[in-house]
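Asks: Residue strings, one per chain:
There are 2 protein chains.
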Amino acid sequence: MSSLWSPDLFDIDEYVPGEQPKDKKYIKLNTNENPYPPSERVLEAIIAAAGDGLRLYPDPNCSELTEAAALACGVKPEQVFMGNGSDEVLAMCFRAFFTGRGVLRMPDISYSFYPVYAKLYGINCDIVALSDDLSIPVEKFFNSQAGVVIANPNAPTGIALPAAEIGRIAENNPGCVVLCDEAYVDFGAESAVPLISKYNNLLIVRTLSKSASLAGLRIGWAIGDEKLIKGLNKVKNSINSYTLDSLAQAGAAAAFKDSSYISACCAKVAQTREHTSERLKKLGFELTDSKSNFVFARHSTASAETLFSALRQNGVLVRYFKTPRISDRLRISVGTEEDMDILIAVLERILESL
Amino acid sequence: MSSLWSPDLFDIDEYVPGEQPKDKKYIKLNTNENPYPPSERVLEAIIAAAGDGLRLYPDPNCSELTEAAALACGVKPEQVFMGNGSDEVLAMCFRAFFTGRGVLRMPDISYSFYPVYAKLYGINCDIVALSDDLSIPVEKFFNSQAGVVIANPNAPTGIALPAAEIGRIAENNPGCVVLCDEAYVDFGAESAVPLISKYNNLLIVRTLSKSASLAGLRIGWAIGDEKLIKGLNKVKNSINSYTLDSLAQAGAAAAFKDSSYISACCAKVAQTREHTSERLKKLGFELTDSKSNFVFARHSTASAETLFSALRQNGVLVRYFKTPRISDRLRISVGTEEDMDILIAVLERILESL
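Chains as they are written, first to last, in numbering that gives the first Met the number 0: chain A, 0 to 353; chain B, 0 to 353.
One chain only, chain A, in its complex shape:
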């Protein structure tokens, strides 16, 4: 510890991303990456941008990319804010809309980065418990003081609310922002983006990491009322005018223009999710109704921690959260059918040996 730090830094427990071990080759089902390659058009656009132009600053406003994103999402460019991954966009949302406004409401089980952002900006949190079936109790998110942050589908449960329920939360939080993180929406849930014209306090955050197989490119964006987007730009331009490099801007614009390829990959993942769920049930797992690119599974007899370690030893990485209420479950990303064949075969062996 260093006395040269800002005093509140000592209290911050930073976010810990899923492991990326290099000791051997694993079936990686631990960080919700898409098993299919990115669109060829994305790679072509990146290669075309990898030239002399890199000596120049990128477009600070990401104009072409913003237009492509707006077109793909059915909104106006003024309703879109691009950032360096949805984590950065979420952090800027916390700074722009939740700082200095009182207590922020969020679920007890959700993306574990939310309380970290809150701590960084000195925001107190009102933590609402999920229902016993791990669904979001919608009405408990009404009338917050500083705003609401939820993920839909929620992580790591995978459970999705209908868009109309997101609308009800926005309607019942007048005067503060409802931030809805749709990182996993493309795998079968209903997006609340069409509601932003109805609710000027509803802000949606999306990412190309999962749906477009571009976790390595770091592209996230927010969609909402123009005034919210202006607030985000004010924060961004107080930190870094150029958050997206020229290559990422070019690649991401191409991704938004190749939505049919991306939809096809997402559909394959959703199909494999359903198939895998059936197979896991036969092995004695109980699962949530996941609409994302992972399943959230609890075994009837074997502990999650035991299964996590045994899977790891057998070359399969999944995610285990040593957290109250969910420490009996594994979050397993959906890979290819072949990846899941290996998962099932390894699980069968492990369960037999227990």
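Keep in mind that the hints are not guaranteed to be accurate.
Note that the list lumps identical chains together, so a pair holds whenever it fits in one copy or between two copies.
As the list claims (entries may be wrong) - Simulated pairs of lysine-lysine, BS3-like, Cα-Cα distance not exceeding 30 angstroms:
{"id": "1", "residue 1": "K24", "residue 2": "K75"}
{"id": "2", "residue 1": "K118", "residue 2": "K229"}
{"id": "3", "residue 1": "K280", "residue 2": "K233"}
{"id": "4", "residue 1": "K197", "residue 2": "K226"}
{"id": "5", "residue 1": "K23", "residue 2": "K233"}
{"id": "6", "residue 1": "K23", "residue 2": "K229"}
{"id": "7", "residue 1": "K197", "residue 2": "K256"}
{"id": "8", "residue 1": "K226", "residue 2": "K118"}
{"id": "9", "residue 1": "K281", "residue 2": "K75"}
{"id": "10", "residue 1": "K256", "residue 2": "K24"}
{"id": "11", "residue 1": "K229", "residue 2": "K197"}
Derived by calculation from the structure, the hints in this document are not laboratory data.
Could you slot chain B onto chain A? The hints should help.
Replies: Here is chain B on its own, set in the frame of chain A:
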């Protein structure tokens, strides 16, 4: 203005980057970009990384890149923190070391982003006037309350302090961080990096934007004592675990391994700076002793604002700051010899016509 914003957001005047107009082709001498192309090895590394691997998250610790940077800078990897451009790194330094520690000291004329960061984090500033010759009055930066931020060479003056003077500032600010922004150091100034082992409170920030012709790739880094680097990682991991995409990491690592190409480009820029300075003096300009990739010039009779507009009309972009004490000067980036021939020819015409 929106009541949905965090209340302090209304008071923030964000940073305004130099213009990137698209209406016609300009000789761009306004944003200190390097006129020479990036290293071929950088482009090759990016193209090699533009493949299926983009579906995976990048290395959150930028391990390979950090090692390459450490080797190039003659320090240990534990003394290096990589970020998405030096602007982001600077912002994280302000959060990690200057927030909640009292009043921060900085020069009245320097990089105009510093007061913006301070405002974002609620840091009060003690603004020290540069000497009449626009040099930094070193002793006035001793014994600050919360720390010191300076650029060396300073911007937009281009004037450099010897590294030993940076050391004196660090020595005379015990218990708080001295942040030295060396964005322009590679064009002829002396780096204070060798002093980080002597002063655990000295933190140096660098960038590949100018020296390595990679403004479009967004690579900045900090060099300092391991405890300072740990503080920066704590801030980073409270905002965004993956600030550098896979392409930027690959390209930047290649740049650090091709330092001879970069040095040669910087030497050419420095030579052109000296030649251009002589030519500008003959046209009636007085110049600071710039050690950076720009000159800072005041004409004996013509106003800077007039020259700025006339140059723009004639297809040459330079930077003009409507700021007290320097509104009589132009900051002119150093381009190729051919760029500067055009600048001089256009200036001759303008000055004749006034």
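Asks: All the hints need checking, so say for each whether the structure fits it.
Replies: Each hint tested on the structure:
In this assembly of identical chains, K24 and K75 lie within 30 angstroms of each other by CA distance solely across copies; the values are 29 angstroms between and 44 angstroms within a copy. Taking the shortest alpha-carbon separations for K118 and K229, both the intra-copy value of 24 angstroms and the inter-copy value of 18 angstroms come in at or below 30 angstroms. In the homo-oligomer, the alpha carbons of K280 and K233 never lie at most 30 angstroms apart, since the shortest distance is 49 angstroms inside one protomer and 40 angstroms across protomers. Taking the shortest alpha-carbon separations for K197 and K226, only the intra-copy value of 14 angstroms comes in at or below 30 angstroms, while the best inter-copy value is 49 angstroms.
When the C-alpha separation of K23 and K233 is checked against a cutoff of 30 angstroms, the pair qualifies only between copies, where the shortest distance is 28 angstroms, while the shortest distance within a copy is 44 angstroms. In this assembly of identical chains, the alpha carbons of K23 and K229 lie at most 30 angstroms apart only when taken from different copies (28 angstroms versus 46 angstroms within one copy). Taking the shortest alpha-carbon separations for K197 and K256, only the intra-copy value of 27 angstroms comes in at or below 30 angstroms, while the best inter-copy value is 53 angstroms. For the identical chains of this complex, K226 and K118 are neighbours both inside a copy (25 angstroms) and across copies (21 angstroms), given an alpha-carbon limit of 30 angstroms.
Taking CA atoms no more than 30 angstroms apart as the test, K281 paired with K75 passes in neither setting, with 47 angstroms inside one copy and 52 angstroms between copies. Proximity of K256 and K24 under a CA criterion of 30 angstroms is satisfied inter-copy only: 28 angstroms between copies versus 33 angstroms inside one chain copy. For the homomeric pair K229 and K197, the shortest alpha-carbon distance inside one copy (18 angstroms) is at most 30 angstroms, but the shortest distance between copies (44 angstroms) is not.
Hint compliance for this structure: hints 3, 9 are broken, all remaining hints hold.
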